[in-house]
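A.B. asks: If you read the protein sequences in the order shown, they are chains G and D. The first sequence lines up with residues 166 to 831 when you count with the numbering used here. The second sequence lines up with residues 6 to 224 when you count with the numbering used here.
Worth flagging that the hints you see were computed from the coordinates, not collected in a lab. For clarity, every value in this text was computed on a predicted model and none was experimentally measured. Wrong hints could be hidden among the right ones.
[As the list claims (entries may be wrong)] Below, simulated EDC-like cross-link-like pairs (lysine to aspartate or glutamate); rule was C-alpha separation at most 20 Å, straight line: (1) Lys451/G to Asp188/D; (2) Lys55/D to Glu112/D; (3) Lys172/D to Glu606/G; (4) Lys28/D to Glu14/D; (5) Lys576/G to Glu14/D; (6) Lys55/D to Glu14/D; (7) Lys172/D to Glu394/G; (8) Lys316/G to Glu370/G; (9) Lys99/D to Glu442/G; (10) Lys172/D to Glu667/G; (11) Lys99/D to Asp423/G; (12) Lys186/D to Glu442/G; (13) Lys186/D to Glu158/D; (14) Lys381/G to Glu405/G; (15) Lys186/D to Glu446/G; (16) Lys576/G to Glu667/G; (17) Lys69/D to Glu112/D; (18) Lys172/D to Glu442/G; (19) Lys172/D to Asp423/G; (20) Lys451/G to Glu158/D; (21) Lys316/G to Asp338/G; (22) Lys381/G to Asp391/G; (23) Lys381/G to Glu370/G; (24) Lys577/G to Glu210/D; (25) Lys186/D to Glu280/G; (26) Lys186/D to Asp443/G; (27) Lys576/G to Glu210/D; (28) Lys28/D to Asp59/D; (29) Lys316/G to Glu347/G; (30) Lys415/G to Asp401/G; (31) Lys55/D to Asp87/D; (32) Lys319/G to Glu347/G; (33) Lys186/D to Glu405/G; (34) Lys99/D to Glu112/D; (35) Lys415/G to Asp59/D.
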Amino acid sequence: MAVNLNRKRPQCHGAADMEIDAQRSVVLVGSPNVGKSVVFGNLTGMYVTVSNYPGTTVEITRGRLAYDSRAVAITDTPGMYSLLSITEEERVARRVLMENRPDMVVHVADTKNIERMLHLTVQLLEAGMPLMLDLNLMDEAERLGLRIDTKVLKERLGIPVVATVATEGRGMDELKKMILKEDILPSGPPLRYPETIENAIADIERNLDSSYGISKRAVALLLLQDDHEIWQMVRDREPERYALVDAIVKHARERFVDPLSYIITIERQRFINTLIEDAVENVGVKGIPLRERLSRLSMHPVAGVPIFLGIIYLLYEFVGVFGAQTAVDFLEETVFGQYINPVANRIVSSIIPWKVLQDLFVNEYGIITLGIRYAIAIILPIVTTFFIAFSIIEDTGYLPRLAMLIDRVFKKIGLNGRAVIPVVLGFGCDTMATMVTRTLETRRERVIATLLLALAIPCSAQVGVILALLSGSTKALGIFVMVMGTVFLFVGFLAARLMPGERPLFYMEVPPLRWPKLSNVLTKTYTRVEWYFKEVLPLFILASILIWAGRITGLFDIVVKLLSYPTGWIGLPPEASKAFLYGFFRRDFGAAGLYDLKTSGALSGVPLVVSIITIALFMPCIAQFSMTIKERGWKMAVGMAAFIFPFAFVVGYLVNLILNGLGVVL
Amino acid sequence: MRASDRAEEILEQLWILTKEQNKDPVTVEDLSIDRADPELNELAELRYIKLLGDRIELTSRGLKEAEAAIRRHRLAERLVMDVFDLKRSLMEEKACQFEHLLRKEVEESICTLLGHPKVCPHKRPIPPGRCCMKALKHPKSIVSSLAEMEGGEKVAVAYLVTRDNRKLQKLMSMGILPGVKIDIIQTFPSYVFRIGHSVVAVDREMAEDVFVRRESAQN
Chain G
166 MAVNLNRKRP QCHGAADMEI DAQRSVVLVG SPNVGKSVVF GNLTGMYVTV
216 SNYPGTTVEI TRGRLAYDSR AVAITDTPGM YSLLSITEEE RVARRVLMEN
266 RPDMVVHVAD TKNIERMLHL TVQLLEAGMP LMLDLNLMDE AERLGLRIDT
316 KVLKERLGIP VVATVATEGR GMDELKKMIL KEDILPSGPP LRYPETIENA
366 IADIERNLDS SYGISKRAVA LLLLQDDHEI WQMVRDREPE RYALVDAIVK
416 HARERFVDPL SYIITIERQR FINTLIEDAV ENVGVKGIPL RERLSRLSMH
466 PVAGVPIFLG IIYLLYEFVG VFGAQTAVDF LEETVFGQYI NPVANRIVSS
516 IIPWKVLQDL FVNEYGIITL GIRYAIAIIL PIVTTFFIAF SIIEDTGYLP
566 RLAMLIDRVF KKIGLNGRAV IPVVLGFGCD TMATMVTRTL ETRRERVIAT
616 LLLALAIPCS AQVGVILALL SGSTKALGIF VMVMGTVFLF VGFLAARLMP
666 GERPLFYMEV PPLRWPKLSN VLTKTYTRVE WYFKEVLPLF ILASILIWAG
716 RITGLFDIVV KLLSYPTGWI GLPPEASKAF LYGFFRRDFG AAGLYDLKTS
766 GALSGVPLVV SIITIALFMP CIAQFSMTIK ERGWKMAVGM AAFIFPFAFV
816 VGYLVNLILN GLGVVL
Chain D
6 MRASDRAEEI LEQLWILTKE QNKDPVTVED LSIDRADPEL NELAELRYIK
56 LLGDRIELTS RGLKEAEAAI RRHRLAERLV MDVFDLKRSL MEEKACQFEH
106 LLRKEVEESI CTLLGHPKVC PHKRPIPPGR CCMKALKHPK SIVSSLAEME
156 GGEKVAVAYL VTRDNRKLQK LMSMGILPGV KIDIIQTFPS YVFRIGHSVV
206 AVDREMAEDV FVRRESAQN
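Isolated chain G (complex conformation) (with noise of 0.2 Å):
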């Protein structure tokens, strides 16, 4: 997902006896979810981020083919439909096109689509790039008894084309042998439209005179279709002709009743069929699969909801029980408790007389025992143990299918069933997941999101906290789950009612369940602990030094009273205002700290819940914020943390008012 965690990781390949052709670039673009990430992690030797779901990759990759002593620069994209670019992702990748001028473009296709497929090959050939199609996921389109010509289509498209599994590695070297030894010159295009488009395509041809890194008949063809973008190029760059222009497609566009999107899709369509019906022979298949069987059940309406609670039982139970407990007790009270923080309290007091000294690295507060520990010791098996988990889900494909269950409540809050995944990804890591909302359609949606994220949605580290916190009382983890679950939807609910915008719209590919491969699940789950390691592990040195400074100098103590009387009003002893003070680096920091006040048995019962719940409302981390300030801009990313924080004590004063009024005993 989204998240390129690893481009400036050192390349393993391009060793220096390597002739570098540094002038040749290729570009790998084709639909969401048809396996680009896969083919360029073949092709480069790189790991970027695969999932079983469209919108993986928001970014453009860039790596090298080595291979025969020979090199190549290679690009990754992401997904598009087609040229006339409806979100973000398209736009990006379409740049990547018309910026770069590639000496060969891969189109990689999901093979048993390919009847859908063909309708970018076509406007790739339109848009004058030289180009191959890899027809990927030859295996599932095999297994549904599709047999094709690849002859055919080499023949009829004049372009080379090769058959691929690159999860298995299947016809990559030959893709590998092509993409460095063929040169390809651009074919002509494919197809003629109706005459009156023919026209003006010729006619608006005529008129553009600068270069637009792709034909002039594809912006031709664009500007007939009405994408924004290129109108807007148009009228920078063609200041004097731009109003002729515009003439011409009105005049066309008046011709007929259906918008010209419309009309040139289907002639397209038609050109496909004409194609698809001598290259691809469908043998079929018998009866329903099994997997089709658990794909349908686990979209049911009734069926899914047990499935959906099944899945959530079973990450409870790894992440909450086997990650939040049993490693956490092991790596927390056995390693830390008694080896390193013995030893290091031994080394650093022989070493360094001063006591003051002594604090910065160990005791109550060091960067060994309170930074290094908390990072280690709490927040790694449990956000390892969730990146498990989240990357086995996501690679089965199961999450499109959630974002279909759950598209009506979203719809409430004005959001569509898509905001599924980065809601589901926050509960790992809340930063990436804000990056993540770039994916959503609109900026509403955008906003909408990124809030709830900051507010209601605990990231995996905090969650096992939590459960750790709350281990011993179901009813008070009922508690925290309504009452965080009621302000997601109450804030979401009354965000949607006050920023006005377009409905979002739900429409998604729901790829097929696929077996998740443990190697992948490792690769993806390194890169993100790694990822947030090297975001986490600073920040909780850093806070390490800087309640170590505030204490010598006596700053610590005036903040934490000042804290006392926002938590004394919602009704907690004075020793909670630290775990407070901690929660504004990052409110897992601060749930741990109330896991130590729950050990000394300073905190128990309805205050507890109270502060936890209080502590998770705040804003995640200043790293998610810093990601809000550069994916929503400043004024945004202020405006949410002055309404987060206070609101998040007024949550806490009403339901310790509401428990207590209730007379509920934890």
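Here the structure of chain G is known, so what remains is to put chain D in place on it, guided by the hints.
C.D. replies: Frame of chain G; chain D shown alone:
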């Protein structure tokens, strides 16, 4: 013999006045025509109307004929509005030209195509034809919106509503195009269907813009 276009329009007006506005008696002034109009003579000769001084009365034959003309007119409006998707101002004009072209056989298939509509775009009732009565026994029309379908049905896309470009682009990008076959898997909580070898989920708003033909209904 058929009445001329102009005569047919007078007939329709007469029908609206007598049947929908319950005007009795209807006079030449109500129709704002001249007593000497050749069309009045034509209608009288066809024995569709009786002329009693300034009063005009529909005969039972005329009543039937007028009802059929009204039906054609309003169906034409629906056709122009729903399928050709013309603006209201244009609709009036085009519908008037169309109605005279609709003959018995075409009329029935148009009515079926439109799903036996009960009212015209102005919300006035369309008199039911024979095909509508038949459809009552087999209540499913041949072409209707994907949003009206049920799980398990096999359909083919007839056309897309092209009014909203945002939706149209998305539908087309998923390969939902005229002629494409669709197997509907379920319709709640979202519409899920198989198209080619992929499965697509959309909400009701998107499904409403896809008009499909039932495969079984063709056989």
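A.B. asks: Which numbered hints are broken by the structure, listed smallest first?
C.D. replies: 2, 5, 8, 9, 18, 31, 33, 35
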